[in-house]
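Assemble the whole structure, with the sequences as input and the hints as a guide.
Number of protein chains: 2
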Amino acid sequence: MGADLFSIPTPRVVIDRTRLHANIDAMQARATRAGVRLRPHAKTHKSPAIARKQIDAGAVGICCAKLGEAEVFADAGIADIRLPYPVHPSNAARVQALQDRIRISIIVDSLEVAREWAAIMRRSGRALEVLVKVDVGFHRCGVNPDTPEVVDAIREIAGLDGLRFRGLLSHAGHAYHARSERELQDIAAREAAILHQLAVQLRDIGIAVEEVSVGSTPTARFIEEQHGITEMRPGNYVFFDRTQVGLGAAAVGDCALSVISTVVSRPAPDRIVLDAGSKTLTSDGVRGFSPASGHGMAFPGLDATAPDGSIAIERLSEEHAVASVPADHPLRIGDRVRIVPNHSCVVTNLADELLFVDGLSIVDRVPVAARGRNS
Amino acid sequence: MGADLFSIPTPRVVIDRTRLHANIDAMQARATRAGVRLRPHAKTHKSPAIARKQIDAGAVGICCAKLGEAEVFADAGIADIRLPYPVHPSNAARVQALQDRIRISIIVDSLEVAREWAAIMRRSGRALEVLVKVDVGFHRCGVNPDTPEVVDAIREIAGLDGLRFRGLLSHAGHAYHARSERELQDIAAREAAILHQLAVQLRDIGIAVEEVSVGSTPTARFIEEQHGITEMRPGNYVFFDRTQVGLGAAAVGDCALSVISTVVSRPAPDRIVLDAGSKTLTSDGVRGFSPASGHGMAFPGLDATAPDGSIAIERLSEEHAVASVPADHPLRIGDRVRIVPNHSCVVTNLADELLFVDGLSIVDRVPVAARGRNS
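The listed protein sequences derive, respectively, from chains A and B. Residues 65 to 439, numbered by the working numbering, are exactly what the first sequence covers, in order. Residues 65 to 439, numbered by the working numbering, are exactly what the second sequence covers, in order.
No lab work stands behind these hints, which were simulated from the structure alone. Given the structure is predicted, the values throughout are model-derived calculations rather than measurements. Please note that a few of the clues may not be correct.
To give an idea of the interface, some chain A residues facing chain B are shown, with a C-beta separation under 7 Å as derived from the structure [as the list claims (entries may be wrong)]:
{"no.": "1", "residue": "Pro150"}
{"no.": "2", "residue": "Val177"}
{"no.": "3", "residue": "Arg204"}
{"no.": "4", "residue": "Cys205"}
{"no.": "5", "residue": "Pro209"}
{"no.": "6", "residue": "Gln261"}
{"no.": "7", "residue": "Lys343"}
{"no.": "8", "residue": "Ser347"}
{"no.": "9", "residue": "Ile397"}
{"no.": "10", "residue": "Asn438"}
Even glycine gets a Cβ: it sits at the ideal position worked out from N, Cα and C.
Dropping the structure here:
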């Protein structure tokens, strides 16, 4: 395309194509080794072009968070989409319109809502694939597996005419708060144990549990140690970010997404101001048990493989990032840096387009087609 | 348009048209009373339709943060745009293209950059309007007014062929960290005093300082007490938000922007989950000296004038908001709430379109035309 990262207007979100492909292949290889299906969550990239690469590498389909996203991916020809989200029955017309075109499944975590969905689907003469969301410790959505009623509730859901019960699904979001590798491993083990125990109880009373689905990038590396899992749904791994580095899921050199930014002010010898603010990077903090803070790491010279030279962003305004530097630091106004952000999923949600790069050369422009499709 | 807030897919960003107009009129009346020009910052709404309302009410023009925004507003016919941003000279071609169509001005906070701009402009046979950004305590961009060199530097800038020096500009962003009304008032007073003193010094040596420009919504209410100011540039006031309420700049009833959201899960009697997460509300915290925390206030029944019934959002995932409620709280899955967010400027930056409402009825759809134009 002729342009390189020194000539484009900044800030700009770029994807290292080589790393992206390596990340896609590595996670697929891990799933294959563990004997589980990989169904990546597309919320990270929101880009049909990247979903296609994941499917070409062996993924059985994708996940979307919201119906609006699923509609974009269905339009782009992705044929099997799971929404691990408690989609409300007021959206039935949109779900049915998707059923006309693709295979779609959702989660339920309420018997009442399951009954409502079943009644709607019966009236339309169809069935809706559902999985029951199980709370494995994140305490967001999901049925509580420790209550005595849970097996009875799932039994009723599995028997509802108008639904087709597929199995159990969980998301160990609390993995992002793990304070050590050991704690992360325990969270993954406990997630698998809870789901396996519940699946056994259900199978014992004759309920077919075809799918036992887990998913998060930080727990994905323990998949081979887990028992009874049929599907994994990591999303962030395509790009990684500073939080995944902090959680031991990736090295800085694995991060495929970065933000190219320009030094726009150096009002004092020890302070630089970059043109990427919270409207590019978001205010999401960094997590992980490796010590880290701030709003992203800026690498002078656009080289994120030289972490010794990196600069921590200390504060963000909407369109400015501020960092302290030694008074003799060589960065000057007009110089460019590469920022590895704290959280890549929310960064893509602010970008209309991702620039694919090979080194410093721009090789492709990929629209974030499902950006902002949050309803 | 027929639809109301109970029938649209959620989450959705809505603007109360009556409050928007009241906010625009109130700030214009304040500027007029104080005898200063109002040049609102458009970063909050990023919508030419709203900029037009501000200009129709008496604003002399607008501010944009980035050239990309200015290009959108210029396309929409806004004829006078100031960028209180240290635009780098590598963007000269875009600045000159804007000069062909509208009146545009930028800030500089570096003598070196000012010389670079001047050289570029001389070669093109034009002049660029600039203001010098002064650091009044926020310590982001801006020349340090306490250094002995500052007057000499501004004298040189004002004399550069290729530039047309207009005056001084500041942004007291540290007002957002004020811990009391008194501290806020002191920040505003100090900002005005610093600029006035510098303007007097410059005028004493024969430099014309036509413009002395300040701007932030929390300090705007002190404009009538400030001396020597010619222009104010608040942005957030069109919508307000929880932070402005916390800083005493608005009441909850003044907040024109809110997010309509649906309860999608109630996995435990004391926990509700809403469908608006950080990809709608952002992770921006709340500020202000009134005690507040969390990620926004949710009002059942879509009525944000009944704050006794509000629920604080405790945590956000990308597509979920989680809040604790009393076990007997009447909210049920499928019910809708109105969320007043912490920071409205970043919420519009995630929305393609704003729904204008009159009560619960949708009366207009306004594109956020400059959303994502961050470069």
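Each hint tested on the structure:
{"no.": "1", "hint": "Pro150", "in the structure": "holds, 5 Å"}
{"no.": "2", "hint": "Val177", "in the structure": "holds, 6 Å"}
{"no.": "3", "hint": "Arg204", "in the structure": "holds, 6 Å"}
{"no.": "4", "hint": "Cys205", "in the structure": "holds, 4 Å"}
{"no.": "5", "hint": "Pro209", "in the structure": "violated, 11 Å"}
{"no.": "6", "hint": "Gln261", "in the structure": "violated, 19 Å"}
{"no.": "7", "hint": "Lys343", "in the structure": "holds, 5 Å"}
{"no.": "8", "hint": "Ser347", "in the structure": "holds, 4 Å"}
{"no.": "9", "hint": "Ile397", "in the structure": "holds, 6 Å"}
{"no.": "10", "hint": "Asn438", "in the structure": "holds, 5 Å"}
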